[in-house]
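If you read the sequence shown in our numbering, its first letter stands for residue 2, the second for the next number, and so on.
It should be emphasised that the hints constitute simulated quantities derived from the structure, not laboratory data. These numbers were taken from a predicted model, which means no experiment stands behind them. Virtual Cβ for every residue (Gly too), placed ideally from N, Cα, C. A couple of the hints might just be wrong.
The calculated lysine-lysine pairs, modelled on PhoX-like cross-linking and capped at a C-alpha distance of 25 Å, are [said to hold, decoys possible]:
no., residue 1, residue 2
1, Lys33, Lys4
2, Lys73, Lys143
3, Lys84, Lys288
What follows is a list of derived Cβ distance ranges for each label pair [as the list claims (entries may be wrong)]:
no., residue 1, residue 2, range
4, Leu257, Gln57, 35 to 41 Å
5, Gly181, Gly204, 38 to 44 Å
6, Gly235, Gly141, 40 to 46 Å
7, Gly141, Gly32, 46 to 52 Å
8, Tyr179, Lys33, 57 to 63 Å
9, Asp58, His237, 34 to 40 Å
10, Asp174, Asp37, 51 to 57 Å
11, Ala127, Gly45, 40 to 46 Å
12, Asn314, Gln34, 43 to 49 Å
13, His237, Thr76, 43 to 49 Å
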Amino acid sequence: MAKLLQELTNNETFELFALLKDVKVRTTKTGKQFLDLLFADRSGEIGGKFWDASAQDVDNFQAGKVVLLKGKKETYMGNFQIKISAMRLATDEEPHDAMSYVQRAPLSKEQLEEQITQSVFEIEDATYNRIVRALLQKYGNKFYVYPAAKSNHHDFEGGLAYHTVSMLALAHDVVRYYDGIDAPLLYAGTILHDLGKVVELSGPISTSYTLAGNLIGHVSIMDAEIVEAAEHLGLHQDDEQVLKLRHMILSHHGELEYGSPERPELLEAEILHNIDMLDAGIMMIQKALAHTEPGDFSDRIFGLDNRRFYKSNSK
């Protein structure tokens, strides 16, 4: 049985099937065209360059396609990459179903739904509860299968709901430890904070940004969805509960330079921002360290200021 991408050792030659998760057409300084590729399977992902790409190659090797890949795993400037020796599209008689190569959340869709539903029951404020239920009913089918990001953190099938469930666990711990927190507002904001990504992103296979994602973004998308849901439910958009819930969404990125229209000005909004950063950061580091040998540093992590992290020889 062929190895998976992340099972390959440095300088190992191989032949395996992989998904083209991302494809960018680029040009060298000498004017030659090449493909900047990101290969993926259930174990993870790794980049590679396909040099001297013809027009036919550009047409054939589209994101979302499965290829038979021959090459060698190498290290370049501290990061692993694939040196491609040959590549072709998988045939109909070969394992060509893209979903077979997509990473999945550690919890099943049913487990994720169960944990989200339990938290919805704990949203005792009627306004928050009604809005959350309305939006989960509208987008629930996508919420449980979409990734939380194109790359970086929770970028796998079910990653959006898994990220939300992880944050809800952190939110519950914070509520138990500190007094004076509006738990229904925190839980509602946590469930809705990234729900706009079901509109911002294209889905779990070769995830890309939609037109709405590029032009508006998930923060503004979800703010508008809350306003629309409130109006549909007969709630006035100037109601304090509606405004506080909108603020949770609009401020959860924390800083204006990180895409937050507002900085947190509610205790619950500050908590939401911090547990979001904590869960995303831990996931990015764990993802990098999972493919790092003990005693070595990980690849640079773009989402964490291009820092590398050391994997200790001992636990």
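Hints, verified against the model:
Straight-line distance between C-alpha atoms of Lys33 and Lys4 comes to about 33 Å, which puts the hinted pair past the 25 Å bound. Under the criterion of a C-alpha separation no larger than 25 Å, the hint pairing Lys73 with Lys143 is inconsistent with the structure, at around 37 Å. Annotation: proposed proximity of Lys84 to Lys288 holds, straight-line Cα distance about 22 Å (limit 25 Å). Restraint check, Leu257 to Gln57: a C-beta distance of roughly 46 Å breaks the suggested window 35 to 41 Å.
Here the CB-CB span from Gly181 to Gly204 is close to 40 Å, well matched to the stated 38 to 44 Å. Checked against the given bound of 40 to 46 Å, the beta carbons of Gly235 and Gly141, roughly 22 Å apart, lie outside it. For Gly141 and Gly32, the Cβ-Cβ distance of about 49 Å falls inside the hinted range of 46 to 52 Å, so the restraint holds. For Tyr179 paired with Lys33, a C-beta distance near 59 Å keeps the hint of 57 to 63 Å intact.
A C-beta distance of roughly 57 Å is found between Asp58 and His237, which places it outside the suggested range of 34 to 40 Å. Between Asp174 and Asp37 the beta carbon distance is about 41 Å. The supplied range of 51 to 57 Å is therefore violated. Between Ala127 and Gly45 the beta carbons are some 44 Å apart, a value that agrees with the proposed interval 40 to 46 Å. Evaluation of the 43 to 49 Å hint for Asn314 and Gln34 yields a pass: the beta carbon distance comes to about 44 Å.
About 59 Å separates the C-beta atoms of His237 and Thr76, a value inconsistent with the hinted range of 43 to 49 Å.
In this structure, the hints that do not hold are numbers 1, 2, 4, 6, 9, 10, 13, in rising order.
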